[in-house]
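K.L.:
Use these hints to put chains L and B onto chain Z, whose structure you have.
Chains as they are written, first to last, in UniProt numbering: chain Z, 1 to 473; chain L, 1 to 473; chain B, 1 to 473.
Don't take each hint at face value.
Which copy is meant is left open, so a pair is good if it fits within one copy or across any two.
As the list claims (entries may be wrong) - Using 30 Å as the maximum straight-line C-alpha spacing, the simulated DSS-like pairs for lysine-lysine come out as follows:
no., residue 1, residue 2
1, LYS219, LYS284
2, LYS337, LYS128
3, LYS424, LYS284
4, LYS376, LYS128
5, LYS284, LYS340
6, LYS340, LYS376
7, LYS52, LYS128
8, LYS284, LYS337
9, LYS340, LYS128
10, LYS284, LYS52
Hints are computed from structural coordinates only; laboratory data are not their basis.
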Amino acid sequence: MKHVVCDKQSNNTNIRLTLPVVCFVWQIAMIILFGVFIRYDEESDTHWVETKAHDNITSDIENDFYFRYPSFQDVHVMIFVGFGFLMTFLKRYSFGAVGFNFLIASFGLQWALLMQGWFHSLDPQTGKIFIGVESLINADFCVAGCLIAYGAVLGKVSPVQLLVMTLFGVTLFAVEEYIILNLLHARDAGGSMVIHTFGGYYGLAISRVLYRPNLHQSKRMQGSVYHSDTFAMIGTLFLWMFWPSFNSAITDHGDGQHRAVINTYLCLASTVLTTVAISSLSQKTGKLDMVHIQNSTLAGGVALGTAAEFMISPYGALIVGFFCGIISTMGYIFISKTLKIQDTCGIHNLHAMPGVIGGIVGAITAAAASESVYGKQGLINTFDFTGDFKDRTVLTQGGYQAAGMCVSIVFGVVGGAIVGSILKLPIWGDPADENCFDDEVYWELPDEEEEHQESIPPILEYNNHMIHKQQDL
Amino acid sequence: MKHVVCDKQSNNTNIRLTLPVVCFVWQIAMIILFGVFIRYDEESDTHWVETKAHDNITSDIENDFYFRYPSFQDVHVMIFVGFGFLMTFLKRYSFGAVGFNFLIASFGLQWALLMQGWFHSLDPQTGKIFIGVESLINADFCVAGCLIAYGAVLGKVSPVQLLVMTLFGVTLFAVEEYIILNLLHARDAGGSMVIHTFGGYYGLAISRVLYRPNLHQSKRMQGSVYHSDTFAMIGTLFLWMFWPSFNSAITDHGDGQHRAVINTYLCLASTVLTTVAISSLSQKTGKLDMVHIQNSTLAGGVALGTAAEFMISPYGALIVGFFCGIISTMGYIFISKTLKIQDTCGIHNLHAMPGVIGGIVGAITAAAASESVYGKQGLINTFDFTGDFKDRTVLTQGGYQAAGMCVSIVFGVVGGAIVGSILKLPIWGDPADENCFDDEVYWELPDEEEEHQESIPPILEYNNHMIHKQQDL
Amino acid sequence: MKHVVCDKQSNNTNIRLTLPVVCFVWQIAMIILFGVFIRYDEESDTHWVETKAHDNITSDIENDFYFRYPSFQDVHVMIFVGFGFLMTFLKRYSFGAVGFNFLIASFGLQWALLMQGWFHSLDPQTGKIFIGVESLINADFCVAGCLIAYGAVLGKVSPVQLLVMTLFGVTLFAVEEYIILNLLHARDAGGSMVIHTFGGYYGLAISRVLYRPNLHQSKRMQGSVYHSDTFAMIGTLFLWMFWPSFNSAITDHGDGQHRAVINTYLCLASTVLTTVAISSLSQKTGKLDMVHIQNSTLAGGVALGTAAEFMISPYGALIVGFFCGIISTMGYIFISKTLKIQDTCGIHNLHAMPGVIGGIVGAITAAAASESVYGKQGLINTFDFTGDFKDRTVLTQGGYQAAGMCVSIVFGVVGGAIVGSILKLPIWGDPADENCFDDEVYWELPDEEEEHQESIPPILEYNNHMIHKQQDL
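The following block holds chain Z by itself, in its conformation from the complex (with noise of 0.2 Å):
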């Protein structure tokens, strides 16, 4: 009996306290810190009239809002949506998956608007954060760093311990994410380094830290069903049809944004075919595997990161694509077995060594960027070279990328290490082993027919425990 199991576990899973402090005491800093330091920026407050008269801005469209907005929601339903529903693939972890994603998501991009606010746009005069649609971007793409750590733990974890990890893991890419685009003025418009594999390896060093050894005794639930691998299906789609958005959301206005979503659309088709080639391989009679083709299809993306809006060329985004599906799905055929890792969703092979990749492939590309590719110009639009840089050559650049993809895979294993440690404390209410992956322990589910509970013979529970709860009406 699905209940049995649950009285019989040693663990304190309460979170009647826990849960509800976290998220009070934390949303009330949130509000007196936004009232400290967050206001609107010149283009999304009401005297925008006046700066656009005084820059001579003939028309509102010249408004970053229409350059971005776009592409923003194209990576608020990812963020949502898409990472949500991607890991609603097991039987019973369907509410955890999205709902937690959900809290942590709307927990994350708060904090991060002041913590990227505070490394990057702090006005020294005001002591102000300005924000606009860029800085929910970048909220966005701050939370998706935590979200891809979730996937390592998910179905392990309680929410109180999600939102710990969440909160060090947004301090964290914060940082990192200074060190490397503004110390060493690397470029990842679309995060290949600072979320895929910071978040990858963030991810994976907790789930190591909190390694547990009898996890077998949930294997049970440790599964899809037919159904929730369809649903798993939206979370995939709305991802891989929306990561050329991903990539190009904070590139440059005009052909930054236009070539970065060009190269990702190319290397997400490539991708699509090799991890079907591979997948098809691993199997005696060439059957296809649900979770390669909701994963590896994805790796595409993420390696080309760094590079969508470099000159890469459409070959060469092909290129990525095809090699990425093939690793990344061999990654799920061959290392998931033999890590010692448990890593639920198989980041590793979806985000950390894709992340990786993106960041090698990122190194390359702008070491050979060249003027005669580029034009003189292009070559100092796309890598920034201004002020403080203006003299770096493509060559350097190409060294500050590869340091840079070492800066986020230090900070993820580092930071993940540590935050591990702290999750270890056993006051977070995370489920005993066996009853992991199950979303009894934190969710009120329907209740099962009444009418029948009796006579249910105990193989009909199983089908029966999900059809009926009551609403109030």
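P.N.:
Frame of chain Z, contents of chains L and B only:
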């Protein structure tokens, strides 16, 4: 036996005559009225090339289409996928939720174009209504009011009743909107008052009039199953993600749209945290309730409908979201059980109450507006203090905002009571009490596995009910 | 036992060799051909900064990217989520529906970029194809034709056959498109003829050639279940909502896109009402049939593909939708049962027939165009009466439109017959008659609950079939 239950009912749910007749007559009427009244506006007409030359517009990108189309499509998704899937939570009413939502939205938007056209944009010289992308957004908005009302009566009415409800709903909407926006000159870009308060009370009044004392007879159908709750989250998330587009879709070009997006984005994030907190507090062991997550997380968007375009400031938006999450969730916990309204989706807690809060927030924010914050021209632009209203003060504006809210409540309650009485006539084919919340009544459902029919023990029927349906191949 | 059934089949469905080989060879070929031919166009190249200066373009917002990207993303969603989920209605073919749709679209869009490039935009000087966002839209459009064809053979072919079908389908598409749009100079922005008529007849001809007299052996799989019908509604709604973007994605900047959206929006709303009316009329007690709601509601979008950009006027759009809803639904009721085509998704009623209607509507509307309605310049812009075609009259244009429709039918039928014959070769790994419509053949499905295996009475198997699948954690 499901089919036997159907035969037991006394009500005549045969809508083979009424439904087609209403659809055909109505659609033909629409064609005739569109032929007489509706034309393309100057930005969607082939004469745009001349308009451009005449008005010295240098680029096609100045066409309003490019300012509003991305927002329009987001709103469109909210109307059809958002509202439709949000209501799929019931175990056996997904077809009715998505399908009837689809029907009445398609029906209502045509009538909305006419009604809103007559009231807002009838050209006195030509007697024509000129439509463009903003008209489509407004039609979708108008329909939203009726879909909200549908939430209150979900599962208890026939599609013919829904069409009648929508016909009157759109009509009432256009009138109250005219009074609030044009006569009172209140601002309400995201429709806290015009859409949510009106739609909420309209639906609640109808549901009250149609009160069924014996609704407990269909108690077995009044709940969710695991997968239906997951489907409902698709609706929730698309509403939540695109709500910034909803509140900014018809605000001023430039900073107006930009600011409305930022405010709504922040407000909704804040709502999620307090919803989770209260939901967890409401259960003995801190478990979360899907009903709250599906609904109350959206209350912040509703409550910022009026003030989204104002300079409410980022922390102000967070505060609104903070309280709305609390109030809406407590509504689900306490109020739904006590009100004698049989409000299926809890629209009181998601739309009516947050809508009223939104009206109050709008009135206060308007009254507190100052030239120092908005700038001289910014104040004029935001509150449209031009023409007849050029001498209005912000305090007066606050008063008119409050008056607008009262108008929307009155229209909702009185209109709903009258329409409810009409719907009580025994000619509309509504289901018997014991057949409510059951798709069986109005939909051809997939057949059962015939080969196994005889040997199935009663308990299995339910599971098998959803297995089999013949399709012509 | 499901597995036993699989063993009984005589066909060899092992695709472990063919599928990977086709994918790899094809993808490598694509990389080489892209390397030789495909380059960024001037708006997505870093030299855009020079182009801007040269052409006196004052703002990046003039980049075609900002005119078309939101529409592109909507079209992209239609291709992958829309078509994919629309086909999930079968009880046990959701993986194949979404997964193979994903595969062949990714495969086809690369080939489409090349084929369409060679025919439409090969630069004679450099021998290169320059691509931008409009090329991506056209590639997605081209793929749509093949996905329509997939609908006819859904569940009856192997993924290798689908790839072959797509390879030839894209090739034929590019040729007929070249003849219709360039040689005949017909207008077809939303592809009533080029996409829907061609794709529909192509699929029907293939399905006819592959006719299986014993398909009734898989009758148990030829139906939907409750949740699979709900999944299919996701596809329907995303197609329906984004169809205005589909029909306007490549129309003229400014009024062209604006008008195409308005027309399609109205036409589709009208279609919903008449679809519901006829569906209700077709059943004894007026119940609705999900098959009609899922499909026929979209027929209006198909039928307005050619005329959407014309001045068909709002009531004209409603009239087209009115009749399409009726005709398409009657197609499902009457025609599907009589034609010996085994058209799984009924593409005859959703694409082929409405496509032909669309061609006729386009021809008539073009022939009836007048300078008084369009304006002198408007007429020239809309029908592109420039260059070689500057002296063409609207009547002549109407004739060429009609000729274009015939070309698309001929290409579909003849091409489909030939490709069908190729697919009849016994080397492609297609399923036996008794295994059609079953994901078991090409997918690793979630395992059954092993612990209960022995004790399950036969009837329970089906339910348990979808319960359990091991995943590496």
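K.L.:
Checking an output row: LYS340 and LYS128, CA cutoff 30 Å. Within, between, both or neither?
P.N.:
neither (45 Å within a copy, 50 Å between copies)
K.L.:
State whether the alpha carbon distance between LYS219 and LYS284 is at most 30 Å within one copy, between copies, both, or neither.
P.N.:
Close inside one copy (24 Å) and across copies (28 Å); limit 30 Å.
K.L.:
Between LYS284 and LYS340, at a C-alpha cutoff of 30 Å, which is it: within one copy, between copies, both, or neither?
P.N.:
within (26 Å within a copy, 36 Å between copies)
K.L.:
Checking LYS376 and LYS128: alpha-carbon separation at most 30 Å within a copy, between copies, both or neither?
P.N.:
between (36 Å within a copy, 23 Å between copies)
K.L.:
How would you label the pair LYS52, LYS128 (within, between, both, or neither) given a Cα cut-off of 30 Å?
P.N.:
within (22 Å within a copy, 35 Å between copies)
K.L.:
Indicate which option fits the pair LYS284, LYS52 if close means a Cα-Cα distance not exceeding 30 Å: within, between, both or neither.
P.N.:
This pair counts as neither: shortest intra-copy Cα distance 65 Å, inter-copy 56 Å.
K.L.:
Can you tell me if LYS340 and LYS376 fall within 30 Å by alpha carbon in one copy, between copies, both or neither?
P.N.:
For LYS340 and LYS376, neither the intra-copy (49 Å) nor the inter-copy (64 Å) Cα distance is at most 30 Å.
K.L.:
How do LYS337 and LYS128 come out at 30 Å by Cα distance, when the copy is not named: within, between, both, or neither?
P.N.:
Neither: 49 Å inside a chain and 46 Å across chains, both beyond 30 Å.
K.L.:
Reference check for the pair LYS424 and LYS284, CA-CA at most 30 Å: within, between, both, or neither?
P.N.:
between (41 Å within a copy, 25 Å between copies)
K.L.:
Treating 30 Å as the Cα threshold, decide for LYS284 and LYS337: within, between, both or neither.
P.N.:
within (18 Å within a copy, 39 Å between copies)
When the structure is compared with the earlier hints, violations turn up for hints 2, 6, 9 and 10 and for no others.
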